[in-house]
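Undergrad: Read off the chains here:
There are 6 protein chains.
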Amino acid sequence: MADDVWLPSLKTATPQEGFDLAVKLARVGVKVTQPSAEVRSSLRAAYDHDTAQLIASSQVIAIHFQTVAAANNYWS
Amino acid sequence: MADDVWLPSLKTATPQEGFDLAVKLARVGVKVTQPSAEVRSSLRAAYDHDTAQLIASSQVIAIHFQTVAAANNYWS
Amino acid sequence: MADDVWLPSLKTATPQEGFDLAVKLARVGVKVTQPSAEVRSSLRAAYDHDTAQLIASSQVIAIHFQTVAAANNYWS
Amino acid sequence: MADDVWLPSLKTATPQEGFDLAVKLARVGVKVTQPSAEVRSSLRAAYDHDTAQLIASSQVIAIHFQTVAAANNYWS
Amino acid sequence: MADDVWLPSLKTATPQEGFDLAVKLARVGVKVTQPSAEVRSSLRAAYDHDTAQLIASSQVIAIHFQTVAAANNYWS
Amino acid sequence: MADDVWLPSLKTATPQEGFDLAVKLARVGVKVTQPSAEVRSSLRAAYDHDTAQLIASSQVIAIHFQTVAAANNYWS
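Protein sequences appear in the order of chains H, G, Z, W, S and P. So this note's numbering is basically just the index in the first sequence, starting at one, shifted up by 20. So this note's numbering is basically just the index in the second sequence, starting at one, shifted up by 20. So this note's numbering is basically just the index in the third sequence, starting at one, shifted up by 20. So this note's numbering is basically just the index in the fourth sequence, starting at one, shifted up by 20. So this note's numbering is basically just the index in the fifth sequence, starting at one, shifted up by 20. So this note's numbering is basically just the index in the sixth sequence, starting at one, shifted up by 20.
Hints listed in this document are in silico derivations from the structure and should not be mistaken for laboratory results. All C-beta atoms in this analysis are idealised placements derived from N, C-alpha and C, irrespective of residue type, glycine included. Misleading hints may appear alongside valid ones.
Stated by the list, open to error - Here chain W is said to cover these stretches of chain S; the calculated rule only asks that three of the stretch's residues, wherever they fall, bring their Cβ under 8 Å from a Cβ of chain W: (1) 27-34; (2) 48-62; (3) 71-82; (4) 87-93.
Based on the provided sequences and hints, a complete structural model is requested.
TA: And the structure:
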């Protein structure tokens, strides 16, 4: 992670690209805690059929989307 | 998802349409984690009778509604 | 839901009416996920004696109250 | 609830009184979902020895304290 | 609690002291729900080895830190 | 903790360094509740293979990232 530039800016051209960025931020938040792609892949079945965890994932995206939207002045 | 424009703007005419948009954002947040409509449909019974998950869904909507309301300057 | 105007404005006369509106928003967030009043009614016993869910409900209200309070400039 | 004025203002003289108000708001959020004082009292043992629920209660207070603090311009 | 002044101000000299204040606010949020120091002490083993509760505690601190940071204009 | 300066500023050069700081803040929030590095290490296996806790960790990071991003005026 330390070597890559994966977050050069919070600015996006459209709200939809901002939402995509929020999804990315939520995923990176998981990666920093569990850096092994192999382990994350093996865990995937444990949550993508678990509605409680799907809702929780959606919540993390929502929090990041607040940040990205504010950074873009809500694309107004 | 990548091909459709589903979020052209955070602006809505009324608070109520803003709430509808918040509901949509919450649902898309689930879709990006579980893209299969078939799987999501099969999971539906698992949460729409589970009050804890209904409350959690309501919370995600609430977070998105904060964003949409701010984007619309609270429709003032 | 689509036919009714249930959210004409976020403005309220007093903080207390703003809190009532936050409660309403939290409840509508549940209704959009479980539209059946009959099912919601049957589920009621499952959560109104479950303190964890009562606290979770209070949290959703708190998030909406943030939005309503900001929309009213904190009634200052 | 409807008959009492329990929230005339979000303004408080000090941060500490603001925290007390946040505690009150969190409790009212539970009361509106479970209006029976008798039931709430009977449930009390179920959560005041459950650390997960104590932490969840603390979180609801934290969210309301954000609102009250903003309403008071952080008592600056 | 009512007799002590434990929160005279949200202002702190540094971000780090602001973080300490956020920790304090999170703990007071637990104390107001479970005022008995003896009970809280007996419960301690139930959560300080439970990672889910450690993460939840960290979340409450994060919410309070938002408030404290805003109150200090982010120490800029 | 009290002896080290670990949080001299919320300012970072880039959004990505801001995200790293959010990760750090989330971890310190756990450390203040469970100060023993030995215990934390022994607990690690309990959560880094538990997707619900990985998502919860990501959420705490998201909340702190809101704070750090605001402190940096979104690096605009």
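Undergrad: With a C-beta cutoff of 8 Å, work out whether three or more residues of the segment 27-34 of chain S approach chain W closely enough for the coverage to hold.
TA: holds (count 5)
Undergrad: Are there three or more residues in the segment 71-82 of chain S whose C-beta lies within less than 8 Å of some C-beta in chain W?
TA: holds (count 6)
Undergrad: Establish whether the coverage given for the segment 87-93 of chain S by chain W is satisfied; the threshold is a Cβ-Cβ distance below 8 Å, and no fewer than three residues must meet it.
TA: Answer holds; 3 residues pass the 8 Å Cβ test.
Undergrad: Report holds or violated for chain W covering the segment 48-62 of chain S, Cβ cut-off 8 Å, minimum 3 residues.
TA: Held - the segment 48-62 of chain S has 7 residues with a Cβ nearer than 8 Å to chain W, which meets the minimum of three.
Every hint, counting from the list given before, is met by this structure.
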